[in-house]
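Knowing the structure of chain A, use the given hints to seat chain B on it.
Protein chains: 2
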Amino acid sequence: MIGVFDSGIGGLTIVREILRKLPGYRIIYFGDTARTPYGTKSPETIISYAIQDAEFLLEYGAKIIVVACHSASSVATEALRERFPDVPIFEVVSPSVKKALAVTTKKIIGVIGTRATISSGIYQRKIAAIDPEVKVYGNACPLLVPLVEEGWLKKPETRRIVKKCLIPLKIRGIDTLVLGCTHYPLLKPVIQAKAGRRVRLVDPAEEVAIEVAEFLKANPRFEEKLSRGDEPLIYVSDLTEAFERVARLFMGRRITLLKADCEMSHIIKPHITKTG
Amino acid sequence: MIGVFDSGIGGLTIVREILRKLPGYRIIYFGDTARTPYGTKSPETIISYAIQDAEFLLEYGAKIIVVACHSASSVATEALRERFPDVPIFEVVSPSVKKALAVTTKKIIGVIGTRATISSGIYQRKIAAIDPEVKVYGNACPLLVPLVEEGWLKKPETRRIVKKCLIPLKIRGIDTLVLGCTHYPLLKPVIQAKAGRRVRLVDPAEEVAIEVAEFLKANPRFEEKLSRGDEPLIYVSDLTEAFERVARLFMGRRITLLKADCEMSHIIKPHITKTG
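Protein sequences, first through last, are from chains A and B. Under my numbering, the first residue of the first sequence is numbered 699, with each subsequent residue one higher. Under my numbering, the first residue of the second sequence is numbered 699, with each subsequent residue one higher.
The shape of chain A in the complex, shown without the other chains (with noise of 0.2 angstroms):
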């Protein structure tokens, strides 16, 4: 199976697009609704919680892992190699800086995204390892993922807010936007109107596909493990009826979310004296 993980729905835009691009092949989805969102977290528990999802998905006979997240790929990447050395792991991060080195012209391109990706500065390091001359400007948008979950896809509220989010990327110019969290390319049409018509939107769903493609292509001993089959299985730590609209909204249809058997444990270890 094609294992795919997320802080939460989001990444379920990724889930499409793989099966919009490799059709036939079995996809099982991991989605920490119980813990979501992990882009207001930080690196630390961003990655163990990143390392969990990986190990579900490895437990339940994933082959290749996709980490449709934008906070985990920024700053969990690494890890998740570390500790799985012999599963291909793909990330979000990569395809966007190479779609978006091949689409700008005038070499300044803007990235979107939650804090901590933002923070990460993973697309700035990313972007000047291949090309320095290139200039990268972040904006965090946090307040972008509510808007979307709550269905404001169009409302004048999430207009208002968008606008105010690329100022501060548009005055410097940009001509490449990359939405850099799973849940902004539902706003595609705010985000386009805003920044301007000829900025071009990079869809990290759409290149992270194409690198799965392409790597299965050239590798029939990892293509040749994937199991076949036409409905993906979409897990979840967490289950509400809010959930499930918001996958409904993420798929564009009527989906199953099943409840995965998670137990919560964060166990506390208290390590100061007791005073009280």
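Don't take every hint at face value.
It does not matter which identical chain is used: a pair holds within one copy or between any two.
[Unchecked claim] 25 angstroms max Cα-Cα, derived SDA-like pairs, lysine to any residue:
#1 Lys862 - Arg943
#2 Lys886 - Glu855
#3 Lys796 - Glu831
#4 Lys861 - Glu848
#5 Lys824 - Thr938
#6 Lys761 - Val785
#7 Lys719 - Lys796
#8 Lys868 - Trp850
#9 Lys957 - Ile749
#10 Lys957 - Arg813
#11 Lys833 - Val897
#12 Lys796 - Glu909
#13 Lys892 - Ala800
#14 Lys957 - Ser817
#15 Lys862 - Phe941
#16 Lys862 - Thr938
#17 Lys824 - Tyr835
#18 Lys862 - Glu939
These aren't lab readings, by the way, just hints derived from the structure by calculation.
This is chain B only, laid out in the frame that chain A set:
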């Protein structure tokens, strides 16, 4: 010590109020920032988190527990009392209900809160048990938490979103409005303006602090067990600069956050046959 827990940082508004009403008592706080927010999650998940949070406080020496989180107060209080029968457990719903009933004249009360709090219907049930003639209308306003956490307390977008949240309650003719989430008191000026001057706002932080003070006065046996100390001990399960910034916002002054030594082992037990 007086133990206070919350899904995150918001419960510090309650610490602030308890410090004001009960100066000199030592407070220990646990904010579950590694899994925040709770309000979007299922009752089962919130209950399991709340029990762990209470265990942390008791382990560190808390003698009474205040559930600062409205979502946990709404869905987990009963489970907490069953699990810890010897510990006095306070929560934010009951004192807010008492206050709302005391101040309403038209007997039409509005409640705003997270999705978990509003869906639980707890305000309706508790109020109906005391005065079945009172009408209670709730509305979930999930966007207000991220707006407060961004520090957007007075921005035009916040005003518009608050206005939208209150419309369904205003058309019902409410004369009293319960701020059913730790974050909302920071929006008091905007909420008061949009609700109308005649609507009385109920701030649960104040009410729960009064309830704890009255309990200690009436129960010297518990009062004697409480240790003294000026500065509260504020523990969090995840620590970032953004959480520190929000903590300052809620406490109205600089405050040290201590990282609790948690093991976030969300142990996943596969229960399907491997197919990949």
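Checked hints:
In this homomeric assembly, Lys862 and Arg943 come within 25 angstroms of each other (Cα to Cα) only across copies, at 21 angstroms, whereas the closest approach inside a single copy is 28 angstroms. Within a single copy, Lys886 and Glu855 get their C-alpha atoms as close as 15 angstroms, and across copies as close as 20 angstroms, so both meet the 25 angstroms cut-off. In this assembly of identical chains, the alpha carbons of Lys796 and Glu831 lie at most 25 angstroms apart only when taken from the same copy (15 angstroms versus 64 angstroms across copies). Taking identical chains as interchangeable, the C-alpha atoms of Lys861 and Glu848 lie at most 25 angstroms apart whether they share a chain (18 angstroms) or sit on different chains (16 angstroms).
In this assembly of identical chains, Lys824 and Thr938 lie within 25 angstroms of each other by CA distance solely across copies; the values are 24 angstroms between and 37 angstroms within a copy. In this homomeric assembly, Lys761 and Val785 come within 25 angstroms of each other (Cα to Cα) only inside a single copy, at 7 angstroms, whereas the closest approach across copies is 49 angstroms. Taking the closest pair of Cα atoms, Lys719 and Lys796 come within 25 angstroms of each other only inside a single copy of the chain (18 angstroms); across copies the shortest separation is 58 angstroms, beyond that limit. In this assembly of identical chains, the alpha carbons of Lys868 and Trp850 lie at most 25 angstroms apart whether taken from the same copy (23 angstroms) or from different copies (22 angstroms).
Within a single copy, Lys957 and Ile749 get their C-alpha atoms as close as 19 angstroms, and across copies as close as 21 angstroms, so both meet the 25 angstroms cut-off. Taking the shortest alpha-carbon separations for Lys957 and Arg813, only the inter-copy value of 20 angstroms comes in at or below 25 angstroms, while the best intra-copy value is 28 angstroms. With identical chains, the CA atoms of Lys833 and Val897 are at most 25 angstroms apart within one copy only, with a shortest distance of 15 angstroms there and 52 angstroms across copies. Within a single copy, Lys796 and Glu909 get their C-alpha atoms as close as 10 angstroms, which meets the 25 angstroms cut-off; across copies the closest is 59 angstroms, which misses it.
When the C-alpha separation of Lys892 and Ala800 is checked against a cutoff of 25 angstroms, the pair qualifies only within one copy, where the shortest distance is 23 angstroms, while the shortest distance between copies is 49 angstroms. For the homomeric pair Lys957 and Ser817, the shortest alpha-carbon distance between copies (20 angstroms) is at most 25 angstroms, but the shortest distance inside one copy (32 angstroms) is not. For the homomeric pair Lys862 and Phe941, the shortest alpha-carbon distance between copies (22 angstroms) is at most 25 angstroms, but the shortest distance inside one copy (27 angstroms) is not. Proximity of Lys862 and Thr938 under a CA criterion of 25 angstroms is satisfied inter-copy only: 24 angstroms between copies versus 31 angstroms inside one chain copy.
In the homo-oligomer, the alpha carbons of Lys824 and Tyr835 lie at most 25 angstroms apart inside one protomer (13 angstroms), although the nearest pairing across protomers, at 52 angstroms, exceeds that limit. Taking CA atoms no more than 25 angstroms apart as the test, Lys862 paired with Glu939 passes between copies only; the shortest distance there is 22 angstroms, against 31 angstroms inside one copy.
Of the numbered hints stated above, none is contradicted by the structure.
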